Amino acid sequence: MARVEVTLRVNGEPVPLAVEPRTLLVHALRDELGLTGTKIGCDTSQCGACTVLVDGRAFKSCTLLAVRLNGAEVTTIEGLADGMRLHAIQEAFAEQHGLQCGFCTPGMILATADLLARDSDPDEEAIRRGLIGNLCRCTGYQGILASVRAAAEASR
Amino acid sequence: MIPAAFEYVRPDSVEQALAELADPDAKAIAGGHSLLPLMKLRLARPSLLVDLDGLDLRGVSVDGDTIRLGALTTYDELLFLDASVPLPAALRDCANAVGDLQVRNAGTVGGGLAHADPASDFAAGAIAVGATLVLQSPAGTREVAAADFFVGPFTTLLKQQELLVELRVPVRGERSAYVSFDDPASGYPLAGAAVCGDAVGLTGVAAHPLAAPDVLDELGLDDYRRHLVTVAIDRARGAAR
Chain A
1 MARVEVTLRV
11 NGEPVPLAVE
21 PRTLLVHALR
31 DELGLTGTKI
41 GCDTSQCGAC
51 TVLVDGRAFK
61 SCTLLAVRLN
71 GAEVTTIEGL
81 ADGMRLHAIQ
91 EAFAEQHGLQ
101 CGFCTPGMIL
111 ATADLLARDS
121 DPDEEAIRRG
131 LIGNLCRCTG
141 YQGILASVRA
151 AAEASR
Chain B
157 MIPAAFEYVR
167 PDSVEQALAE
177 LADPDAKAIA
187 GGHSLLPLMK
197 LRLARPSLLV
207 DLDGLDLRGV
217 SVDGDTIRLG
227 ALTTYDELLF
237 LDASVPLPAA
247 LRDCANAVGD
257 LQVRNAGTVG
267 GGLAHADPAS
277 DFAAGAIAVG
287 ATLVLQSPAG
297 TREVAAADFF
307 VGPFTTLLKQ
317 QELLVELRVP
327 VRGERSAYVS
337 FDDPASGYPL
347 AGAAVCGDAV
357 GLTGVAAHPL
367 AAPDVLDELG
377 LDDYRRHLVT
387 VAIDRARGAA
397 R
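Residue numbers (the numbering used here), protein chains in the order written: chain A, 1 to 156; chain B, 157 to 397.
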């Protein structure tokens with residue numbers, strides 16, 4: 001199958017890629033670019049572990065074709081911190097015990113980034129609803145709720 | 157899971173897209189959140205994917221007493237519409253009921269209707285508010301009532317070389333709402349009811365979304381589901397605004 005040349009901007013850097021049309025974004029990120037912070041959980045667009053930002057909005061990268069994203073700005077968990085300085089959402093998840101095993105955390109954090117971009121002061125229901133597409137099997141979600149609230153406060 | 161190999165084109169006009177769809181194994185892709193999962197499971201194996209992203213079919217405008225929704229308008233865009241657009245509350249409720257934040261960022265109103273899932277939330281709303289769907293083919297355009305569009309599970313009146321390009325929603329000022337009882341695992345409705353004035357659109361209870369309630373007796377529903385539909389309609393009437 002012929003490959004198609006596309007250029008994505010990944011974490012601020014232009015990245016030329018030659019992809020098969022069927023290449024999923026999550027595979028391009030992990031296998032081609034080595035950005036393994038983006039996780040493959042269910043691979044059926046339910047668990048949200050593969051969530052990344054595309055042009056600032058949260059998407060499940062297991063359900064996006066890389067070939068369709070020519071010119072798009074993709075932000076993965078690796079692109080959130082400023083050098084060694086964690087992003088406010090990352091800081092909040094660490095402080096508030098918003099993770100245990102950590103597998104869902106990159107997706108949780110990037111979905112939170114989209115959620116807080118539209119609603120800077122979400123109540124508990126809005127947080128639960130906003131993160132309904134992200135599953136966590138460890139925390140029971142209470143720590144995640146506290147993390148999102150703390151991130152919202154820190155970001156205001 | 158990786159889809160089977162396919163060719164990919166990204167036309168920049170509806171006419172070009174329709175020409176590409178002349179290939180009987182071609183499929184159009186919009187948000188892709190219905191089609192790609194099927195392709196990953198290899199339940200769908202199009203040989204050619206026609207990307208609709210380059211088409212000018214996005215956005216919402218008000219034209220007299222009609223709201224025009226471009227087929228590529230996402231559910232998320234409907235939820236964050238300018239307050240001056242008098243979108244019926246039922247359509248907002250339906251958009252809000254679709255998937256999750258990430259899915260609503262991707263999913264499009266036209267793509268969802270064309271996919272015709274028997275449990276589509278948005279289809280119930282489109283039927284209840286009396287939306288007209290504009291279908292374009294090389295022969296021209298035709299208009300079909302949302303209530304007539306669905307003919308079976310994942311089956312509509314759309315022909316292979318035809319695209320749903322616009323939804324026209326009449327502004328009647330009638331109170332409306334959508335209420336559903338969802339399967340907790342899948343999120344899809346076991347029964348969903350949209351009401352708008354006296355009109356009712358149902359989803360999840362038959363081979364395809366349909367206008368009701370006159371047909372309820374003919375659906376052969378199990379008792380529990382019949383009960384769910386009745387309660388959903390009542391609650392939607394109560395929530396109408």
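None of these hints come from the bench; they were simulated from the model. In this text, all values refer to a predicted model and were calculated from it rather than measured experimentally. Some clues are possibly wrong.
Claimed, not checked - Computed beta-carbon distance windows for the label pairs:
(1) A:Cys42 <-> B:Tyr380: 49 to 57 Å
(2) B:Leu197 <-> A:Ala117: 30 to 38 Å
(3) B:Arg382 <-> A:Thr36: 45 to 53 Å
(4) B:Asp179 <-> A:Glu124: 32 to 40 Å
(5) B:Val218 <-> A:Gln100: 43 to 51 Å
(6) A:Ala117 <-> B:Ala178: 37 to 45 Å
(7) B:Arg201 <-> A:Arg3: 48 to 56 Å
(8) B:Glu171 <-> A:Thr36: 37 to 45 Å
(9) B:Arg224 <-> A:Arg3: 17 to 25 Å
(10) A:Glu95 <-> B:Glu171: 41 to 49 Å
(11) B:Asp219 <-> A:Gly34: 31 to 39 Å
(12) A:His97 <-> B:Leu375: 34 to 42 Å
(13) A:Glu78 <-> B:Asp390: 45 to 53 Å
The beta-carbon is built from N, C-alpha and C at its ideal position, and this holds for glycine as well.
Going through the hints against the structure:
1. Cys42 (chain A) and Tyr380 (chain B) have their C-beta atoms about 29 Å apart, which leaves the hinted 49 to 57 Å range violated.
2. Range check, Leu197 (chain B) to Ala117 (chain A): Cβ separation about 33 Å, and the 30 to 38 Å hint holds.
3. In this structure, Arg382 (chain B) and Thr36 (chain A) meet the distance hint of 45 to 53 Å, their C-beta atoms being roughly 50 Å apart.
4. At about 50 Å, the beta-carbon gap between Asp179 (chain B) and Glu124 (chain A) misses the expected band of 32 to 40 Å.
5. Hint check: Val218 (chain B) to Gln100 (chain A), Cβ distance near 49 Å, so the stated range 43 to 51 Å holds.
6. Separated by about 41 Å at the C-beta atoms, Ala117 (chain A) and Ala178 (chain B) satisfy the suggested range of 37 to 45 Å.
7. Evaluation of the 48 to 56 Å hint for Arg201 (chain B) and Arg3 (chain A) yields a failure: the beta carbon distance comes to about 20 Å.
8. Judged by the Cβ atoms, the range 37 to 45 Å given for Glu171 (chain B) and Thr36 (chain A) holds: they are separated by roughly 43 Å.
9. Against the hinted window of 17 to 25 Å, the Cβ-Cβ separation of Arg224 (chain B) and Arg3 (chain A) comes to about 39 Å, which falls outside the hint.
10. The given range of 41 to 49 Å is broken by Glu95 (chain A) and Glu171 (chain B), whose C-beta atoms sit roughly 55 Å from each other.
11. The hinted window of 31 to 39 Å between Asp219 (chain B) and Gly34 (chain A) is violated, with their beta carbons roughly 50 Å apart.
12. Between His97 (chain A) and Leu375 (chain B), the C-beta spacing of about 49 Å breaks the proposed range 34 to 42 Å.
13. A beta carbon spacing of about 50 Å between Glu78 (chain A) and Asp390 (chain B) agrees with the range 45 to 53 Å that was offered as a hint.
When each numbered hint is compared with the structure, violations occur for hints 1, 4, 7, 9, 10, 11 and 12.
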